Each structure stands twice: as C-alpha cells, then as structure tokens.
Amino acid sequence: MAVINYDSELRRAGAHSTRGWRKFAFLAQRHLLGAVGLVIMVLFVLAALLADFIGRYDPLSVDSLHRLAAPSAQHWLGTDSFGRDVWSRIVHGARISLAVGVGSTLLGSSIGVIVGLASGYLSGWVDLVFQRVTDILQALPLLVLALVMTAALGPSLPNVIIAIAIPLIPTVARVIRANTLALRELPFIEAAKSIGMSETRIALRHVLPNTLAPLIVLATAQLGSTILTEASLSFLGLGIPEPYPSWGRMLSESAAEYVRTAPWLVIFPGIAISLAVFGTNLFGDALRDILDPRQRG
Amino acid sequence: MTDATPLLEVTDLIKHYAVRGGVLRRRVGTVHAVDGVSFTVGVGETLGMVGESGCGKSTVARSILRLVEPTSGSIHLNGLDITHLGKADLREHRRSMQIIFQDPFASLNPRMTAGDIVGEPLSVHGLATGRARDERVAELFDQVGLRADQMQNYPHQFSGGQRQRICIARALSLGPDLIVCDEPVSALDVSIQAQVINLLIDLQRRHGFSYLFIAHDLAVVAHISHRVAVMYLGRIVEIADKTELFANPRHPYTQALLASVPVADPKKKTLKPLIDGDVPSPINPPSGCAFHTRCRYVMERCRIETPVLADAGTKHQVACFLNEGTGRA
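In order, the protein sequences belong to chains A and B.
If you read the first sequence in this note's numbering, its first letter stands for residue 1, the second for the next number, and so on.
If you read the second sequence in this note's numbering, its first letter stands for residue 1, the second for the next number, and so on.
So here's chain B without its partners, still in its complex pose (with noise of 0.2 Å):
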C-alpha cells in the first residue's frame, strides 16, 4: 500500500508557537508543539496516530490542513506541494481534504440546521444548489445514517452519535481524498463509539479515500488503522503496521503506551507501570531524546544525541539507540 505514490507525504514538518510575555508582547519561549514530524498516508489507507494529550496530535491535524500555518516542512498531497499554496489555490484545494472533530457539539453551528451545515461545503464551492443540493444532502445523510427527514432539525435536537454523523456527512459532501480524524470519538459514549468506528469503515470501503486517524484510545486506533504511528513530545517515535507495532514493539514508549491498556479481567494482577512521571513541557523540551527523563532504559547518548526513525524490521521504523537503533526486542 505505501510503496505506490502516497496519497498524503508530510515531511520533517516543524510547529513552533511563541510563548509571548510582559507588556511589549517579548517572545519568552517557545512551544515545540510538533518538532520534525514525517510520515506517509497511501491510498485508501487508515493511518492511526497515538500520543498523549499534549504531545501534537492535532497541531500535525491543523498543520496539513493549513488551518494552522507550519513553521517549516513541507505537505504533498497527491503529489502537489500544498505547504504554501495561495489562497485561491487552497481554497480550491481544500476540497481533497476534510477534517471530523473531537467535540460533535462545539463543532456544529447551533443555529443552522442539519441540512444546511451538511449542504453548506456544496453552496461555497458552487457544487449544488437548490433542489440538487437537497437531493445531495439527503443522499449523504443516508450515507452516515441518518434520516433525509431530519435535515431540518437544529444540532440540539441531535444526540452526540447523531452529532458526529453530521460532521462526517459535512466531510464526506465535497469527495474527499483525505479525511483528518481529531479524536473523533473521545467524547462519544463506548456503545456509540463503535458503531461510529464501523461507520467510518464502512464509508472508507464504499469511497476508498484515507484516514488520518488521530486517537490516544489505542482499542480504537487498532480497530480502524492499517498502520500506526506512536507520538511523545512533538516527534513520531515508531511507525508500523498495526499487526506489528502491537505484536512487537521496539520503542520503550509504545511498550509502557500498549502495557497501560486495561484489561477486563480482575484476576489479573496489574504489572508495575513500566513509566511514570509527566510528560516534560513542550515548552523546554529535554536535550536529546525527548523521553529519556522517564526511560527506563536511559543511556549517556539519549541525553545528548538525538535520535532519528531507522529501520527495526519490515515497514517498522523506530528512533531509539537500544539495540543499535532497533529499540528494545
């Protein structure tokens, strides 16, 4: 899958947000929000995206959409460099790629109604209008699930599940290639999280565009992902297929991340946390390797060297000096 042309290629892409303080507005510091960050998303692919809150999720999320603008690094999207388009190019643009929110209720404006909100993309890009543009709406809201009747209902009259429908029916309305997933179902019930999940399957099957699939569940993130990248501090620490990176994982942060899941079984005694502490602040990131304050397996060189994605196996990249570059077996 990712050996063709990638639909979406994101290289050494780099976020940095001035921390400003006292009167005259002085940068004081700087959030290393997403230091260096590259990766690849083929056609028709779920790549999943694991991290703790706080470590770039969705700032890489906003970044490739442009709705934040990167500090440095470069975005492709078939092939086209989208890292500095122009407005009007963007705006053409922007048809290849949506995004789905975390908060299904911040991110529906509470005074249109359903079918407008989904119908609106159709009206600002001069798709449909009218008569076609209900027939476009209703198509979609059928897609994702829900009836052609409630396209006059306002956002409140929806539950969160049906909520997230609509966001997923506004994505799907312009075809995209690429759908950006921020935590799409964190702020779901667990029965609705799963049909929502299966619903994005299903949609992917029926469409075959991409995901990029943000999560820090990683239950979730193993159930839709082909391949999975695992994130601390701003920087990809592993990047596998999924059957992978779950079987074997080499990077000591994804073994303390895949270790931490709970299982349901109460006779099952819970192993010491192979990590503790908080994550550093991004605002002062640690030298070297950005994990080594809570590494068990710390050595002089992470404190110093940083270390860069290397090959631990087929399609499986890993940053860690252990085992000359190849993570711990």
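Just chain A, same shape as in the assembly (with noise of 0.2 Å):
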C-alpha cells in the first residue's frame, strides 16, 4: 500500500516507545550513519544559534596587523587576507547556509505541494499544463536555474532564496502528485466522497496527510543540494552579497590567490560545505530506509 505511517512503521521496526531519546537510541542501533547524519546537523544547528557566543571574534571586523594568520590559539581556523577570524566566519556562515537551506526547501517543497496536490487530484488539463511547466523546469540543471534566477533578480538573500527555490518546485511536485494519483484510488477516498465531503476538503485532509512521509524524506535530502547551491552561486559571485560570510564566497575569494599560501582558507569552508552535505544526505537516506518497508531486511 502506498500510505506509509511513520510512527507504525517505527514501532512496527522495532522502536517501542515514542519518546524522542529512545526513538535515537533506535536510529543509532539501526541506522548509524543516519544517526551520525543527525548529529551533524543538529551541530550546525547548534553552531548557527550560538554563532555570537562560539564565534569568538566578530566575524566583519578587519584587523589588518593579522592578516593570513596561520591556525593558532587566538585564531583556530587563522584569519583572511582582510584579518578576518575564519573559525568566526564559518559559524556565521552556517546561519546564511541554514537559512537558504531551510528557507528555500520550505519554500519550495509549498509550492510543490500545493502543484502536485493539484495536478494529481484535479487531473484532466490542469494536470497535462503543470507537468508540462515541470517538463520544461526540469530539463535545466539546479544550479544554471538558480544561476538565472539570481542574476534577473539580483542577488540578495530573500532572492537567493527563491532563486534555490523554484527549481525545486518540480522535483516535488512530481512525487506529490504521484502519491495523490495512487491515494485518488484508495477507498478511503470513495469514502470521502460518499460522505458528500467537498473535493478541496478531500485533498487537504485525506490526501495530503497521507504524502507526507515521503516529503519529509525528499525535503531533507533536498536540503543538502541547496545547501550546495548557495555555496556554488556565491562561489560564482551570484549569491548572498558582501560582507556577509557565506561559505561558497569564502571560497571563491581565496581559491585562486591563497590555496598556496594560505591553504586554511580554503580547507576549512570546504570541510563545512561538505559536512553540511554529508550530514543532512547520510540523515536522508535513513529516513528514507525507515519509512520504506521494501528497503528493510
């Protein structure tokens, strides 16, 4: 059956109780890496809220008697070409990462909802225009959409953000609609109907609750390639604007002038990009396992 219960599917995998610690305890059992994955991203959670207290230094603040500091006490990850602190930097930076990446998957994920639930339930030429508008969507690549996006919009980090957005829109919707097309049939629909409940108010309270579990999987494992993307278009000059520390553009200027001298300032963003990524995709990947039964052993 295409309706998957999260907690069913939990409990019936073996995690007994529904309190948050044991429910751990069970993804660290049975899924490792996805509970590594899990942590990672906690941290980089932890990291973007506490960014004022661990960052040490602010991380706009130029000191020019410390310019390319080597890693040292004073300054763990060294400092840039403007004395910048970089460990600073990268935990400011996990703000602008955090917030392109949620925002933009939130954003995204919405409207692919609201087009899937739409072109799976209403079918007929609705449905034959959003696949099409998809189509057409999905033939460019992530990064060259964004790419666009930001340069007709300019870039700024609600721009950023929608920029990321848009091209995630078709991805979604593609899943949600073909959850909706298998759901339509289920009897639990026809029942629905008899009950003389009005289509709209069908769509939002059988049909969408029941596709929510594999949007839960899809959105995390989208939220590393946002994550990545903003790192890409600001490694490009297309991303979130100076002095604003974002990882991509801590990159891009420093990659062609430093990585000999300075190797520090590429090493360490590079670490955080993919840690970023790593995390949610390993945290992903276990949420898709669990929630898929033919996935199980």
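If you are wondering where the hints come from, they were derived from the structure by calculation, not from laboratory data.
What you are looking at is a predicted structure, and each value in this text was computed from that prediction instead of being measured.
Note that beta-carbon positions come from the ideal geometry of N, C-alpha and C, so glycine has one too.
Keep in mind that the hints are not guaranteed to be accurate.
[Unchecked claim] Pair by pair, the computed Cβ-Cβ distance ranges are:
| hint | chain 1 | residue 1 | chain 2 | residue 2 | range |
| --- | --- | --- | --- | --- | --- |
| 1 | A | L153 | B | S53 | 38 to 46 Å |
| 2 | A | L181 | B | A88 | 21 to 29 Å |
| 3 | A | R22 | B | G54 | 33 to 41 Å |
[Stated by the list, open to error] Quick list of in silico lysine to any residue cross-link-like pairs, SDA-like style, CA-CA up to 25 Å:
| hint | chain 1 | residue 1 | chain 2 | residue 2 |
| --- | --- | --- | --- | --- |
| 4 | A | K193 | B | R66 |
| 5 | A | K193 | B | S260 |
| 6 | A | K193 | B | L258 |
| 7 | B | K87 | A | E185 |
[To be verified] If you only want the chain A side, here are some residues facing chain B, beta carbon under 10 Å, derived:
| hint | residue |
| --- | --- |
| 8 | K193 |
| 9 | G196 |
| 10 | R201 |
| 11 | P209 |
| 12 | P214 |
| 13 | L215 |
Bring the two chains, given one by one in their own frames, into a single complex with the hints.
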C-alpha cells in the first residue's frame, strides 16, 4: 500500500517507545550513519544559533595586523586576507547556509505540494499544463536555473532563497502528484466522497497527510543540495552579497590567490560545506530506509 | 415488501467505460461494465447481488452512490430522481445513502483516529460538533460493538473485523435509508464474517434501513438477504425471493452457480461442473444472451436475440428463452 505511517513503521521496526531519546537510540542502533547525519545536522543548527557566543570574533571586523595568520590559539582556523577570523566566519556562515537551505526547501516544497496535489487530484487539463511546465523546469539543472534567477533578481538573501526554491518545485510536485494519483483510487477517498465532502477538503484532509512521509524524506535530501547550490552561487559571485560570510564566497575569494600560501582559507570552508551536505544526505537516506518497507531486510 | 413504493428504484442502468489507446488516446473499445440493469429495493429490505468477479456488481454499487457517473438509465431514491442531481443537492442527498467497502484496510485513512473517522460525516454535514459529536460517536461505537475508549486509536491498531465495524459506524453516522455493502466480509476470516453479518442484520432490525448487499459468497447472501439478484456480464439474469431462488433456480447460470457451492461432506461425490470456461470479456460481450458461450442448453435463438427479464412465477423473474421464457425447470 502506498500509505506509510511514520510512527507505526518505526514501531514495527522495533522502536516501542515514541519518546524522542528512545527514538534516537533506535536510530543509532539500526542506522548508525543516519544517527551520525542527525548529529552533524544538530551541530550545525547549534553553531548557527550560538554563533555570537562561540564565534569569538566579529566575523566582519578587519584586523590588518593579523592578515593571513595561520591557525593558532588566538585564531583557531586562521584569518583571511583582511585579517577576519575564519572560525567566526564559518560559524556565522552556518546561519546563511541554514537560512538559505531551510528557507528555500520550505518554500519550494510548499509550492511543489500545492502544484502536485492540484495536478494529481484535479487531473485533466490542469495536470497537463502543470506537468509540461514541470518538464521544462526539470530539463534545466538546478544550478543553471538558480544562476539565471539570481542574475535576473539581483543578489540578496531573499532572492537567493527564491532562486533556489523555484528549481525544487518540479521534483516535489512530481512526488506528490504520483502519491496523489495512487491515493485517489483508495476506498477511503471514495468513502470521503460518499459522505459528501468537497473535493478541496478531501485533498487537504485525506490526501495531503498521507503524502507527508515521502515529502519529509525528499525535503531532507533536498536540504543538502540547496546548501551546495547556495555555496556554488556565492562561489560564482551571485549568492549572498558581501560582507556577509557565506561558505561559498569564502572559498571563491581565496581559492585562486591563497590556495598555496594560506590553504586554511580553502580547506575549512570546504570542510564546512562537505560536512553539512554529508550530514543532511546521511540523515535523508536513513529516513528513506526507515519509511520504505521494501528497503528493510 | 416490494409492493409498496420502493426505497430504491434502478431503471435500465448502463455504465460503459471507454478503452483508450494509442498516442491520441482514441477510443478503441468499450467496456460494457453494466448493460441495462433494473431492480428495486424496498424499505427495510435486503437485496443480495451475486455474480463472478468483473460482472459489474461493484459498478452498480458505485453508480447508485454516484461515485461513478452512469452512462444512461435512472436511479430513484425515496421517489426522487438522483441520477442528475447537481453537486449541492447531491451532497445533501448523500446522507440517505452510504457504502461499506470490501477492504477494511484501505477504506480507513491511516492518519486519522477511529473517532475522527466516524465523526467526520457529522462535521461535514454540520450535524454535531465538540462534545455532542464525541457523544454521538461513542454511541455509534457502542452500536457496532466497539468500546468508546478505542476512539483515540488509529486504524492500524485494530483487527480486520474491528476495522470493518468502524466502517459500519461511519456509514451509520448519518442515519441513512440505504447502505450499499460492496463485499463487506470477503476480506475477513470466516469466523469474523459471521459476527459482522449478524451485526449488519441486528442493525437493520433496529434502524429499519435497506441493504444492497453485494457478494460472491452464496452462503453469506443466503443468510442476510430477503431477495437475491444474480448478475452475469453486466446484466441481471435472475431475481427472486431468497427461498424461491435457492429452491427453484430457473436460469442455467444460477443453477451452475448453486451447484458449485462446496458441501462439507467428504463422501459426497463431486458432480461434473455444470459450467466451464471463463467469463467472456466485457469489452466485446457475446451477441444475444451473454451466457450463450457457456450454456449447456444453448439454442440458435440465444446467439441472436437478447432475453429480457420475464416473470417465471411469483416474484420470480428470469432472462432465459428456455421453456417459453421461464428458464429450465
């Protein structure tokens, strides 16, 4: 059956308590990598939240006396060509990455859900039009589309979020539409019709909640690629404008000039990006495995 | 029972589905799912409907509930023609007719509590909210043999039989005049089947509504029905009072169907089956009598003309040319 109940799946898989800590213990036991991913994600969220406390320095303050300082006790990860502390910039950069990642994933998913539901539930010409537009959007790679969008909208945080969100819509819409098509044929939808519910109410109350499990998996998986896209955009000079610290921009500023003389300027932002993407992908994969009965042994 | 104004009157119901193929989705054929079905269900009566898979039983059920739009024909409920009711009128009218489905696992939303599922119709029609709704749902739970403290549970926490009880409670919630049961016990264990059937009978005695009871299990139909209709390839071939039909089947198909019921007696010799082969495709149903390809008594006339339901005794109608339209004695 197409319908998946997250709690019951967990329970069937052996987690008898629905309490958070027990759930995590179960996750660590059955999906070690997923638990690692979750821990990485939590660490990044904490870094973003506590950036002002753990950052040690103002990420924007210039210190001409300590330009390009190597990692040391004062500057854990060294300083860049303006003498700005790399550790502080990375920790504050987590805010940008998370804001863009979560913001664009939420925005893209919400619109995708609406399009997918309408497309799958109404079918007919609505479906036809939506699907063809989706095809066109999907024919272009995420980054290329985001590049064109930011170039057109101009670089700013909201614009970057919108630019990355729009290319996400087709993927989400596809998944939701496929699920909706399967759900539509189930008797409980017919039962809802036979008690006289309106189509909109059926779509929102009966179809939508049953598409949430695959949506959560998809959104988690997308989170990594949105962080990566933001970094790429910033690297190409179209992301978050200066002077805000964005991992991608930190890379692009230093990659060509200082990669030999001050490699920490390239290595640490690179590690931050890789870890964030790695963490979300691990967690997304584990979620998919847990929610998909066919993946279980 | 049938002499008074019937609760449900179905006249010449036809439902054809287009078979589309090719790039342009052109119509390449027609499935004759229901091909001219007429019958009535009286107040407080149970009409059993039997037939093989794919003979159109479920399509009849869904057409009556307007879950599929009939191609032609008319459906009257309480004397009112509901065949062409608009959306708003139909919504109001859905209170008088409800359905219980075959699969109790797929007919309950897995993300809603049992209480919400049963109470939802009350909210949709604005009949009860808050405490009043909870009380009404508790009462319905009690009627179908569930405990009120199970209202907070989710469908996966119930057994198949209990789930079907939830479906019954949902159907009851609006106080319908007609409940269409589309193979309500086929998916259940035999021991549970009897419980659910008896519950359905009890509820009918208490509330006086009618059932259109669709099944392929003759024993179940014999137990619950007052009258029985036999369907074959989208048509009713025989309809009569239960005792009459089982004692004195006239249509060769009905006879074959009754003869195929297994008897729990190992010494009894198995008779040569009265019927063989498969049901022909409803995409190109045979000309004349649809049963002529499998009938042992087939005559030349059967291949050309289509027999219509004709009286073959008191309250007994059969569609067969044998014995001047009275079927095989």
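Results of checking the hints against the structure:
Take L153 of chain A and S53 of chain B: their Cβ atoms lie about 58 Å apart, and the range 38 to 46 Å is violated. Distance hint check for L181 of chain A and A88 of chain B: the Cβ-Cβ separation is about 28 Å, which falls inside the suggested range of 21 to 29 Å. Between R22 of chain A and G54 of chain B the beta carbon distance is about 49 Å. The supplied range of 33 to 41 Å is therefore violated. Restraint check for K193 of chain A and R66 of chain B: the C-alpha separation of about 9 Å stays at or below 25 Å, so the hint holds.
At most 25 Å may separate the alpha-carbon atoms for a hinted pair to count; K193 of chain A and S260 of chain B exceed this at roughly 37 Å. Annotation: proposed proximity of K193 of chain A to L258 of chain B is violated, straight-line Cα distance about 36 Å (limit 25 Å). In summary, the hint linking K87 of chain B to E185 of chain A is supported, as the alpha carbons are separated by about 21 Å, within the 25 Å threshold. Hint status for K193 of chain A: holds, given a least beta-carbon distance of 6 Å to chain B, under 10 Å.
Because the closest C-beta pair between G196 of chain A and chain B is about 4 Å apart, less than 10 Å, the hint holds. With its C-beta approaching chain B no nearer than about 8 Å, R201 of chain A sits inside the 10 Å limit, and its interface hint holds. At a threshold of 10 Å, the smallest CB-CB gap from P209 of chain A to chain B is about 4 Å, leaving the interface hint in force. For P214 of chain A, the interface hint is violated, the least distance from its beta-carbon to any beta-carbon of chain B being 13 Å, above 10 Å.
Given hint, L215 of chain A at the interface with chain B, is violated; its Cβ is 13 Å from that chain's nearest Cβ, farther than 10 Å.
Hint violations for this structure: numbers 1, 3, 5, 6, 12 and 13, all remaining hints satisfied.
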